Amino acid sequence: MIVHGQTVEKHAFEAATGWAIKPEGACKAETCIPLPFATDTEHLPAVALANAMNLPLVEEPRMNVLAIGPDSLGGRAISSAKAPDLCLPDLDGTLHRLSDFLGQKMIVYAWAPY
Amino acid sequence: MWRALRDEVHHLGVELITVGLDSLGASGCRAAIEAAAPTHPALIDTHHEVARLFGVVNIPQSIWIDEQGMIVRGVTSAPPPPVADPSTPGGPPPDLPARMMDILGEAAHIESDPATYHAALKNWITHGADSPYALSASEVINRSGPQSTERALGHAHFELACEAVVRDQKAIAVKHFQAAHRLVPNSWTYRRQAWSLETVAAAGPFERFWQGPHPDRPEQWPYAGDWLTDIRAEGPANYYQPWED
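Residue numbers (this note's numbering), protein chains in the order written: chain B, 1 to 114; chain Y, 1 to 245.
Simulated from the structure, these hints should not be mistaken for laboratory data. Note that the structure is a prediction, hence the values are computed from the model and not measured. In this text, a Cβ means the ideal position worked out from N, Cα and C, and glycines have one as well. Among the clues, some could well be false.
[Said to hold, decoys possible] Computed footprint of chain B on chain Y, listed as stretches where at least three residues anywhere in the stretch have a Cβ under 8 Å from a Cβ of chain B:
id	segment
1	17 to 29
2	32 to 42
3	157 to 166
[Claimed, not checked] If you want the footprint, here are the derived chain Y segments under chain B, 3+ residues with CB under 8 Å:
id	segment
4	49 to 63
5	147 to 154
6	181 to 193
[What the hints assert, rightly or not] DEER-style ranges, computed between Cβ atoms:
id	chain 1	residue 1	chain 2	residue 2	range
7	B	103	Y	139	22 to 30 Å
8	Y	233	B	29	33 to 41 Å
9	B	104	Y	32	20 to 28 Å
10	Y	110	B	40	47 to 55 Å
11	Y	110	B	103	32 to 40 Å
12	Y	102	B	42	50 to 58 Å
13	B	73	Y	242	22 to 30 Å
14	Y	3	B	100	15 to 23 Å
15	Y	233	B	102	38 to 46 Å
16	Y	101	B	42	50 to 58 Å
17	Y	233	B	5	40 to 48 Å
18	B	103	Y	205	41 to 49 Å
19	B	20	Y	216	51 to 59 Å
20	Y	113	B	42	21 to 29 Å
Required output: the full structure, derived from the provided sequences and hints.
Structure, rendered in structure tokens:
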């Protein structure tokens, strides 16, 4: 996920990665990773978070942006069959979340104009 | 094509959600979406989040998700629905540049099996969890493709490259695209996204499909591969993963 500046918003991180930030640390399924900073705040230190969770981090100082990559636990592209709550805009900029469509079957179809 | 399928199955409790992968965002996807006049949500994924989150490595690919939000069939090649009454193809337009003719020649050997995919899809729509094509959680994870620290790092580089495209920082984008290609070597979308941004005027209306060096200035091409070289190296028959029961 893209992080602007040095802090990441907690709810954005949770939505983008599927990890939940709890008092005991970053948790997904049965795994909890302790975090070496206070988590009762909306803004988390991005570099410390990525380092504690062993997530890949690439900094691009020329844009004051960094990117945090996914975890590689289990060695498979996805580590849980629970669908992440993908949140993306349509042409008008209206955001849609996969969780908006719970209760229906969903076919997510990836295409590209090139 | 997909709109017709969606309108056919929506009353059965199914929603189609299309995700256009393009770092050019709405401006890149608009023409195709407006032409399709979708009745379903047509989303735009500027940073290819579906690659990081689901493991998408080519297009078109689909993910099936049940009513409870569980993936029952992860990333799978999803050919368009079979056409019942195919009209006679018109053939390529005259005066096509040689590279485009070569691309069409290779593309003709790409293999896909729309009938099998769509029969399985309709079976799942009808039978849900009782369908043999709805996989268990462990099978969904097992089949989801490889992950490693190198690939995870590649996803981060790719998202940075897309962010650089958004900010019109061409040189920064190329650097991170190159890293992503090296670290996630089986992703066609990561390669095609980068190649499609290197526009070659000679391609005319096929600008974004040229995806390779300028014929007169090949030394300026910034990437290790290009569409024609890579499809020939990997074999067009291997371009899409075959359906797996």
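Now the hints, each set against the structure:
no., hint, in the structure
1, 17 to 29, "holds (count 9)"
2, 32 to 42, "holds (count 5)"
3, 157 to 166, "holds (count 5)"
4, 49 to 63, "holds (count 12)"
5, 147 to 154, "holds (count 7)"
6, 181 to 193, "holds (count 3)"
7, B/103 with Y/139: 22 to 30 Å, "holds, 24 Å"
8, Y/233 with B/29: 33 to 41 Å, "holds, 39 Å"
9, B/104 with Y/32: 20 to 28 Å, "holds, 24 Å"
10, Y/110 with B/40: 47 to 55 Å, "holds, 53 Å"
11, Y/110 with B/103: 32 to 40 Å, "holds, 37 Å"
12, Y/102 with B/42: 50 to 58 Å, "holds, 53 Å"
13, B/73 with Y/242: 22 to 30 Å, "holds, 28 Å"
14, Y/3 with B/100: 15 to 23 Å, "holds, 19 Å"
15, Y/233 with B/102: 38 to 46 Å, "holds, 43 Å"
16, Y/101 with B/42: 50 to 58 Å, "holds, 56 Å"
17, Y/233 with B/5: 40 to 48 Å, "holds, 41 Å"
18, B/103 with Y/205: 41 to 49 Å, "holds, 43 Å"
19, B/20 with Y/216: 51 to 59 Å, "holds, 55 Å"
20, Y/113 with B/42: 21 to 29 Å, "violated, 48 Å"
Going through the hint list in order, the structure does not satisfy hint 20, though it satisfies all others.
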